[in-house]
Structures are given as C-alpha cells and as structure tokens.
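There are 2 protein chains.
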Amino acid sequence: MAKEVTKRSENYSQWYNDLVVKADLAEQSAVRGCMVIKPYGYAIWEKMQSVLDGMFKKTGVQNAYFPLFIPKSFFSREAEHVAGFAKECAVVTHHRLMNDPDGKGVVVDPSAKLEEELIVRPTSETIIWNTYKNWIKSWRDLPILCNQWCNVVRWEMRTRLFLRTAEFLWQEGHTAHATSEEAQAKAYEMVQVYADFARSCLALPVIVGHKSPNERFAGALDTLTIEAMMQDGKALQAGTSHFLGQNFAKSFDVTYQSKEGTQEYVWATSWGVSTRLMGALIMAHGDDNGLVLPPALAPIQVVMVPIFKTEEGHQAILDKMYEIKKGLEAMGHSVKIDDRDTLRPGFKFAEWELKGVPVRLAMGERDLANSTVEIARRDTLTKETVGLEGIEQHIHALMDDIQNNIYEKALQFRESNIRKCDDWEEFKTEIQKGGFLLCHWDGSAETEQKIKDETKATIRCIPIDSCVCEEEGKCIYSGKPSNRRVVFAISY
Amino acid sequence: MAKEVTKRSENYSQWYNDLVVKADLAEQSAVRGCMVIKPYGYAIWEKMQSVLDGMFKKTGVQNAYFPLFIPKSFFSREAEHVAGFAKECAVVTHHRLMNDPDGKGVVVDPSAKLEEELIVRPTSETIIWNTYKNWIKSWRDLPILCNQWCNVVRWEMRTRLFLRTAEFLWQEGHTAHATSEEAQAKAYEMVQVYADFARSCLALPVIVGHKSPNERFAGALDTLTIEAMMQDGKALQAGTSHFLGQNFAKSFDVTYQSKEGTQEYVWATSWGVSTRLMGALIMAHGDDNGLVLPPALAPIQVVMVPIFKTEEGHQAILDKMYEIKKGLEAMGHSVKIDDRDTLRPGFKFAEWELKGVPVRLAMGERDLANSTVEIARRDTLTKETVGLEGIEQHIHALMDDIQNNIYEKALQFRESNIRKCDDWEEFKTEIQKGGFLLCHWDGSAETEQKIKDETKATIRCIPIDSCVCEEEGKCIYSGKPSNRRVVFAISY
Numbered sequence: 090m091a092k093e094v095t096k097r098s099e100n101y102s103q104w105y106n107d108l109v110v111k112a113d114l115a116e117q118s119a120v121r122g123c124m125v126i127k128p129y130g131y132a133i134w135e136k137m138q139s140v141l142d143g144m145f146k147k148t149g150v151q152n153a154y155f156p157l158f159i160p161k162s163f164f165s166r167e168a169e170h171v172a173g174f175a176k177e178c179a180v181v182t183h184h185r186l187m188n189d190p191d192g193k194g195v196v197v198d199p200s201a202k203l204e205e206e207l208i209v210r211p212t213s214e215t216i217i218w219n220t221y222k223n224w225i226k227s228w229r230d231l232p233i234l235c236n237q238w239c240n241v242v243r244w245e246m247r248t249r250l251f252l253r254t255a256e257f258l259w260q261e262g263h264t265a266h267a268t269s270e271e272a273q274a275k276a277y278e279m280v281q282v283y284a285d286f287a288r289s290c291l292a293l294p295v296i297v298g299h300k301s302p303n304e305r306f307a308g309a310l311d312t313l314t315i316e317a318m319m320q321d322g323k324a325l326q327a328g329t330s331h332f333l334g335q336n337f338a339k340s341f342d343v344t345y346q347s348k349e350g351t352q353e354y355v356w357a358t359s360w361g362v363s364t365r366l367m368g369a370l371i372m373a374h375g376d377d378n379g380l381v382l383p384p385a386l387a388p389i390q391v392v393m394v395p396i397f398k399t400e401e402g403h404q405a406i407l408d409k410m411y412e413i414k415k416g417l418e419a420m421g422h423s424v425k426i427d428d429r430d431t432l433r434p435g436f437k438f439a440e441w442e443l444k445g446v447p448v449r450l451a452m453g454e455r456d457l458a459n460s461t462v463e464i465a466r467r468d469t470l471t472k473e474t475v476g477l478e479g480i481e482q483h484i485h486a487l488m489d490d491i492q493n494n495i496y497e498k499a500l501q502f503r504e505s506n507i508r509k510c511d512d513w514e515e516f517k518t519e520i521q522k523g524g525f526l527l528c529h530w531d532g533s534a535e536t537e538q539k540i541k542d543e544t545k546a547t548i549r550c551i552p553i554d555s556c557v558c559e560e561e562g563k564c565i566y567s568g569k570p571s572n573r574r575v576v577f578a579i580s581y
Numbered sequence: 090m091a092k093e094v095t096k097r098s099e100n101y102s103q104w105y106n107d108l109v110v111k112a113d114l115a116e117q118s119a120v121r122g123c124m125v126i127k128p129y130g131y132a133i134w135e136k137m138q139s140v141l142d143g144m145f146k147k148t149g150v151q152n153a154y155f156p157l158f159i160p161k162s163f164f165s166r167e168a169e170h171v172a173g174f175a176k177e178c179a180v181v182t183h184h185r186l187m188n189d190p191d192g193k194g195v196v197v198d199p200s201a202k203l204e205e206e207l208i209v210r211p212t213s214e215t216i217i218w219n220t221y222k223n224w225i226k227s228w229r230d231l232p233i234l235c236n237q238w239c240n241v242v243r244w245e246m247r248t249r250l251f252l253r254t255a256e257f258l259w260q261e262g263h264t265a266h267a268t269s270e271e272a273q274a275k276a277y278e279m280v281q282v283y284a285d286f287a288r289s290c291l292a293l294p295v296i297v298g299h300k301s302p303n304e305r306f307a308g309a310l311d312t313l314t315i316e317a318m319m320q321d322g323k324a325l326q327a328g329t330s331h332f333l334g335q336n337f338a339k340s341f342d343v344t345y346q347s348k349e350g351t352q353e354y355v356w357a358t359s360w361g362v363s364t365r366l367m368g369a370l371i372m373a374h375g376d377d378n379g380l381v382l383p384p385a386l387a388p389i390q391v392v393m394v395p396i397f398k399t400e401e402g403h404q405a406i407l408d409k410m411y412e413i414k415k416g417l418e419a420m421g422h423s424v425k426i427d428d429r430d431t432l433r434p435g436f437k438f439a440e441w442e443l444k445g446v447p448v449r450l451a452m453g454e455r456d457l458a459n460s461t462v463e464i465a466r467r468d469t470l471t472k473e474t475v476g477l478e479g480i481e482q483h484i485h486a487l488m489d490d491i492q493n494n495i496y497e498k499a500l501q502f503r504e505s506n507i508r509k510c511d512d513w514e515e516f517k518t519e520i521q522k523g524g525f526l527l528c529h530w531d532g533s534a535e536t537e538q539k540i541k542d543e544t545k546a547t548i549r550c551i552p553i554d555s556c557v558c559e560e561e562g563k564c565i566y567s568g569k570p571s572n573r574r575v576v577f578a579i580s581y
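Top line first, the protein sequences correspond to chains D and L.
So in our numbering, the last spot in the first sequence is 581, and the numbers never skip.
So in our numbering, the last spot in the second sequence is 581, and the numbers never skip.
By construction, these hints were calculated from the structure, which means they are not laboratory data.
Careful, some of the hints might be misleading.
Just so you know, same-sequence chains aren't split out, so a pair can sit in one copy or run between any two.
Distance condition first, Cα-Cα at most 16 Å in a straight line; then the derived EDC-like pairs of lysine to aspartate or glutamate [stated by the list, open to error]:
| id | residue 1 | residue 2 |
| --- | --- | --- |
| 1 | Lys409 | Glu463 |
| 2 | Lys176 | Asp198 |
| 3 | Lys147 | Glu418 |
| 4 | Lys348 | Asp430 |
| 5 | Lys425 | Glu519 |
| 6 | Lys202 | Glu177 |
| 7 | Lys136 | Asp408 |
| 8 | Lys517 | Asp428 |
| 9 | Lys539 | Glu204 |
| 10 | Lys563 | Asp512 |
| 11 | Lys425 | Glu481 |
| 12 | Lys193 | Glu169 |
A quick note: this is a predicted structure, and the numbers were derived from the prediction, not measured.
With the rest of the complex left out, here is chain D (with noise of 0.2 Å):
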C-alpha cells in the first residue's frame, strides 16, 4: 500500500490528518491558516451544498450576496457582537501596491490608506443589517430570508484542516421578521434542517438543543444547536441557528411599519454550517484503511477495477464494465473504472478505500466467464461474490443499505458513549475518557465556568429532543436543584 495511515489507537489526531491529505481532500496552503480544497474535498462540498440548499430553497429561503469587507465602525455598534467578533480578523488598511523604489519587488503604498479600516468578514450580521434598513418599511416587506454561500476568515492562532481554518466557506442565513414567535419559529425550523440533513445525508446523528447562555453567539438572544460525537468521544458542534432578537435591528436601526401604523423594530434569526463539516463527516466514519463515505456524499459511488492476464480478457472485462456503468448511471449514481494500467490491482484497492468509495466492483477473467462479480462494502469491508444478472438492482439497493448502516453504526457508538452521571468525582474520572455524559445543572454561568476550569468539559445544550433529559435532581457540582439534564462533553 503506498500511503500509510496512522492507526486511530495510536494516535487519533494524526489519523484524522492523514485521512484529510493522504484522500486528496485538503492540504495547508502558503498561507498560514488557509487551506487548499482538493477536487475529491471540494466535490464532497459540493454535494453538501447542493443537498442544504435545496432544502433551504424548501422552506422558502433565497440566495442573495452581501460584500466580503464590513467598516470596522460596524463591528462597534452591536456591544455584545464587538466583544465576541472582530478581534482576531483580517484587517485591510491599504488597497494599493507600488514597486519598491530600493529595489525588487512590491511594497505597500502609503499613500494608498483608507480613511476607515475594512475587516473581512468574519460573520455577516453587521453588513446585512445594515443593507436590510433599505429594504424594509413596512410589514409587507417581511419576512426576508436570505441565505449566502461564501468564505469568512476569522484569525484562528491554531488551525486544523476544516476544523479550524482562518478562511472556511459557509453559509449564512440571515431572516428578518415581523414578530419575535416567528422569528423563534425560524430558528427552530433551520436547526431542524441541519439536524434532518445530518442524518439523512451526511448519515450523522446529532443531538439538537440549546446552547448555555455562556456559549451563546455574540449578540444572539438564543442559539441552537446540533452536537454530534466524533470517534475520539468529542463533540463536534456542527451547525447553529440563533434567534437574535431586536439587537442588530436597534443597533442599525431597522424599522417596520405595522399593519396598524405602529413603527417596531424587526426580529432577526441568524444559522450557518461550513466546511467544518468535513471534518465531522470524516471523524465519525472513517476507519483505519481511510475515510467511509456515505453513498448521498460519495462523489464516486462505485469503483471498477479489471483484473486480466491477457489484453482480449482486459476488453472482454471492460466492454462489460462499461454496460454495468450505463446502467447504474442511469439509476443516477456515480461510476469509475479505474483502468490505469501502471497500478496492480491491490494498489487499486487501497487507494479508493482511502478515498471512502462505498462499493467496489473487481471482476477477472473467470468472473466474467461465469458471470458473476465481487462486490467489496467500504463500510463492513465485507466481500461477496453474485451473478451479474440484475446486478444494478442489487447495487442501487446496496447504497441505501450502506447509508443506513453507517448511520447506525454511528448512532451505536453514540448510545454506548453517552451515560447519566450523578456523582462529581466520578465525572472527573469519566469525562476524560471521552463520551457525553447527562448530568444536572443548577443554570448558573459561575457553575459552567468552574466545571470548564476543572475538567475544560463543557455544556454541549441543553436538548430539546434525542434524549429523555427532563427530571428532577441536584446539580453535579453545586448540588443546587435542576429540572433537567444537560449534555458534557470535551469537544473540537
């Protein structure tokens, strides 16, 4: 095998890192912070996109696209946002270059500073808010859901291949409502589209709930969240949606005429995932041959490879491959054959394990003469061997047995890693052994920060569903009286 991957016993963090290059999906660029998105990555994202936008599209969102520099004057008029936001960014001070008058090359011109000082956007709420004044006057302009896909950078000193990345791409719903139930309702209805679109597509089970006053989106009245659980027994927060109430709406000054002739501020919800979730999407399958990819985000759903001794076997093999690839094309799934012919068969094999392709097809000379082929599942890395006889069929059924699988094995690793816990030493104990743990919680900030400091576990939500959380108890470090469990756990 010509790219070796770190065991996930030996070490979990180089084994995510060796998946993420050696598959070809990112590496780190000149840049320091920034990475380049491979075409196998970027084709991933691409699925990814195409699926949440059409469900967003759904539910009666738009695509708009707001400027990608926000005046730093922006950042101070939200307090909350200011404190949270806009520290560690990228600032743009001057917008011309001019050749070195001591020598080679380019310098900055000096005369070239701007008046204001531009950031590049970490987040949109400041621009948007301030470009939706334009757009609303009365009721009848609401509500307005807009949705942009496009990058952001945030400054990050440690950064981590999708994970953590100065730039990433996103997308950034941004609503505007005439009352705060509706927008409530929106919050809640787009942290259901990611939860639904977790499951079903990147076959991730999350919890969804809310986050801890403490953990809140800078200016964000409420946020939700999906939390879901990596190999490792971190949690991976990996899509939130806010209600922001009338904070940005007052700090910009956005008002609508009521049906009754009233002037009221608007209501804002604010929701985003980005190319974090690669990261979940590799974390939670992969296993140590490479990544496991589920069939609705394969980009190559099916790979062929010919096994022949003589060049008449090698086109027997291939004419026929080339008639299962038409018809599975047709039934909308994606098909390789991989006919290079400077790698043997087992190099083959490896390297589309690597790179996560959910069935693989081999088929020799003999196979062809009997009529039949081995399929090999990336998930249970099982083999069999059928008849080619209604052998599309099979593999259509084969791909929503794989994403369920993976789904399921998922989700039974989350169930076996997930435990009440009632008892404070014994938390200290359990939480470094990975796993989200449900315990009680007096709702103090004070209580959550000294739980961080001691243990640097934190209050992943409070659930809404996923989790039978709501009882009476004393909180695991204060002993002070709760009504409901909430989820710990350490996380990226």
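Fit chain L to the given chain D structure using the hints.
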C-alpha cells in the same frame, strides 16, 4: 407605474442603472465599490453558474478552492503579471482589532502587524501555481484541470454595478499540461465553451478572437476573448481564456518528469467569466420597460395574474392557475402566481415587465368562462388570447421561441452595426456613432496605441470565426500592408 425607468434614448447609462436597481438585481453597499447582489439578481447568476459548471465538467474540469489571500511576494515572481496586476488591490496588514484605549469602539492593534502583507486575490494564478508545484511530479499527474467559483477584489476607482466593481464573483479555471499544443487546445476549447454558453443561454451573439498583444492578460502569451455588442454600440468583453505558456511554471518552478525521464516546465492556461455577464445580459436585451430575460436564465419564466370582481371568481381563477402551474412545473418551468391583494393588475404587469419575466398570463372571469387566457410575451410586448386546451405545451414551445427571438434580435442589431471601414477620416467619425468597425491593422502596438489615443477605440479582437476577415489590405492608420481585418470598437 410605480417605478419609472429612464429611456435608453434619453440617457443610456442611467437606463442601465435604473434597470439594475429597480428590477432588484443589485445595489451599492456601504463599502465603496462593493455591491450587494439581491435575491432576484443572484438567482440569475445561479442559473448562469449551474449551466456553465455543467459545461466545464463535461470537458473534464473539476472544482477546487484556493485561498482568498496571496502573500505579497508572490506577485513579484512573474514580472509581467506584477506589472499588470496587484497594484490596485486590497492589502491586509494586521490580524487583530482591540478596544480603543481612548474611547468607545475598536481600533487596529498595532502589535498585530503581519510579517508579510497579504493581498486579497485579484486573480489566483500565483497561489495556484505555487500549489501545483506540489501536485505535479510526473507526466502521469498531468493534465490538471481545476476551476474555482469565488470572489476576487480589484480596487477600481470608478465602479458600476456588475460591470466594474471592487469585489466581484467569478470562476477562474487553471489548467496544467505537458505540452504547449495541449495547453493551447485547452484555451481554445474553453473560449468556445464561453461562446456556446453566451449564444445558447445568454442569447448573446459574440465574436471569438485573439486579443492584440497590448490587450493580453498580464503574463499570457495569447488571450482569447468573446466580444459582445451592447445596444449603445459599445463592445463588452464577456469572457477570456489565456494561454500562459510556461511563464507561471518558471516563476514557481513547476516541472514534471517526462516519459523519457527529462525534467520539463509545465504549460498553463487560465480562463474566467464573472458577474460582468449580468451587465451584458441587461444591456444586450433590456428595453425601456425593463429587463428582457432569456427563458434559459429567468428565475421566473411564467407569471400569472388573476383579474377578478368577485371572491368566487377569484377562487375559480386561482384553482385553474394552480392547475396550469402544476403542469408547467412538471415540464421543468418556473412559475409564479401573483395573488397579492394590495396591488392592481396594471401595477403587477409593469412590475413583471420591469423584471423581464418572459411570459405573463392574465385570466379574468370571462376568460375562465370561455376557457381562454391572455398570454403576453415580454420580448415582443405582444398579447394573444388562446384556448386553455394544451396551454402547457403552447407555453413550453413559446419558451424556445422567445429564447431564439431574443438571440436573433441581438444578432440582427449587431449585424446592422458592424461594417468595414478603410478610411481613417471616416473611422474617426464612424467609431463615435457606436458599433464595430472591421479594419486593416499593421499589427504594431504603436499604431494600436495611437488609434486609441485619438479615438478611444481599441482592438476588441482578431476574429477566429464569426466574420470573414482574411483579406489583403492596408492598415487604416499607417497604410502599411495587412492580411486581415480586426474588430475596432469603443468598449466597456
């Protein structure tokens, strides 16, 4: 009518701005030179993206994503490139803001100065070739055929919505090849993709040709272009494809081992179209009532307006409209029923005309009783009353009709505004009237520059096809011998 549009004959430039803003395509943002693309405008851009992306992929191109930022030093590597680019650009110098010690708000943290400034990409040849260096070792790694859809920034001093903005959206393809012939063939293939797209989708006739050396992309050995004529007779460059030779490979030291075992520099192309195509679409087809959208790009292809006196009649008309809508949607058409109760039909008609919807159906109670409907075509502004029997097929066929008619109209306009010219005095007068002049040119940069200085006209291209230009003659300016005519025009 609610929104007045300036007439083209009164003020063509104001007419254009009116269409962009009043048809809800785009608007200026709070950031100088950066636009907001509104949902209706973005929906058109999405359709362009979708069609083009499919065409690219059919040629074997894959999408990827490269960083937004480029280290300043990269621009000094390719001598011609730095001369042509990277002067007017957005320069990131710092990576942190801090609370203003002297008051409210935030200021740039002087201690967070970057060691090397970063440039927001104006185009990505440099960062991409720096990346390709690691991807290419052997002839087996070639060709590389990557494209990215992204935003770029060029600090333009005078901006116009879509036509010239500081930030714009585009795609940039970057390919790497083993031979010069293969790279040149790719550059040619892609300019033909653009020409096909312009003709079939934008309904825009274009002339395909080579740029003169003066007008080449910075760092290219050859630039191919598609040039379109706007209704004021000016030319608009709608897409370019560059053969870059080995310039970037040499600057970034990208070599491959050939089959014969020698180390060779790699050959390159790049090619792009941008949101400027939105400007071309508006200016090529719009009229004094607003946009005229080709059905292939219309976010709404059919709008239906009910006209009623009684609530009973209203409901009956709506029921019929939903039935027609369902039929049309099953045929792949996008349909909107405008049932807003606060607006009169005449207002709605004007609004959908302004927005360029290809077909409008109006149905009154008498129509319903007669099983008829009134169909209005946006391109011809004609109306006809037709029976409801087979209405879906009728409209389906009408879409092709309209698409073709819009193209034919633009083609006729261009043909009647393109002419040969062999006299310098005539040239100086004629060029100011708009339109393309086919003239002999001696091939020298000096002559080209003098013609530009005296008339503002430039050589738009040396046509490959689209018109018969190969003939002997004398340069219109210098009188020196020439063996082909080139296209002169004043351009956007």
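List of violated hint numbers, smallest to largest: 5, 7, 8, 9
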